[in-house]
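With these hints in hand, go ahead and build the complete structure from the sequences.
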Amino acid sequence: LIEQITALNKEGTTLSDRNVWDGRLAQEFRNRWPEINSALLKTKQELEELRARVQQINDDIMTAGGNR
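Okay, so the sequence shown: first residue is 1 according to my numbering, each after it adds one.
By construction, these hints were calculated from the structure, which means they are not laboratory data. In this text the structure is predicted, and so the values were computed from the model without any measurement. Careful, some of the hints might be misleading.
20 angstroms max Cα-Cα, derived EDC-like pairs, lysine to aspartate or glutamate [stated by the list, open to error]:
{"hint": "1", "residue 1": "K44", "residue 2": "E11"}
{"hint": "2", "residue 1": "K10", "residue 2": "E35"}
{"hint": "3", "residue 1": "K10", "residue 2": "D22"}
Cβ-Cβ distance ranges computed for the label pairs, FRET-style [as the list claims (entries may be wrong)]:
{"hint": "4", "residue 1": "N37", "residue 2": "I57", "range": "28 to 36 angstroms"}
{"hint": "5", "residue 1": "E48", "residue 2": "T13", "range": "29 to 37 angstroms"}
{"hint": "6", "residue 1": "A52", "residue 2": "N9", "range": "16 to 24 angstroms"}
{"hint": "7", "residue 1": "R51", "residue 2": "Q27", "range": "14 to 22 angstroms"}
In this text, a Cβ means the ideal position worked out from N, Cα and C, and glycines have one as well.
Rendered as structure tokens:
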């Protein structure tokens, strides 16, 4: 999922360039892109934090169970 968010951000950044895409719909996209980009980056950060917490929980469980 994190890789997909990264790829989506890359595509959005490309599409927000007037030299790549222009017109009415492109302008609407560019107007919304900063908000969308910010939300995607926040989601990516939260997923990375969740992954780290889950990893720590798994490590704690394995340690408590004597598997390490």
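- Item | T13 and E48 - C-beta distance against the hinted 29 to 37 angstroms | 20 angstroms, violated
- Message: What's the verdict on K44 and E11, does the C-alpha distance respect the 20 angstroms limit or exceed it?
- Response: 15 angstroms, holds
- Message: Against the 20 angstroms threshold, does the CA-CA distance of K10 and E35 hold or violate the hint?
- Response: 15 angstroms, holds
- Supplied distance hint 14 to 22 angstroms, evaluated on CB atoms of R51 and Q27: For R51 and Q27 the Cβ distance comes to about 37 angstroms; the hint is violated.
- How does the Cβ-Cβ distance of N37 and I57 compare with 28 to 36 angstroms: does it lie in that range? Roughly 31 angstroms apart at Cβ, these two residues keep to the hinted range, so it holds.
- Message: 16 to 24 angstroms was suggested as the range; check whether the CB atoms of A52 and N9 agree with it.
- Response: 20 angstroms, holds
- Holds or violated: K10 to D22, with C-alpha atoms at most 20 angstroms apart: 17 angstroms, holds
Of the numbered hints given earlier, the model fails hints 5 and 7; all others are met.
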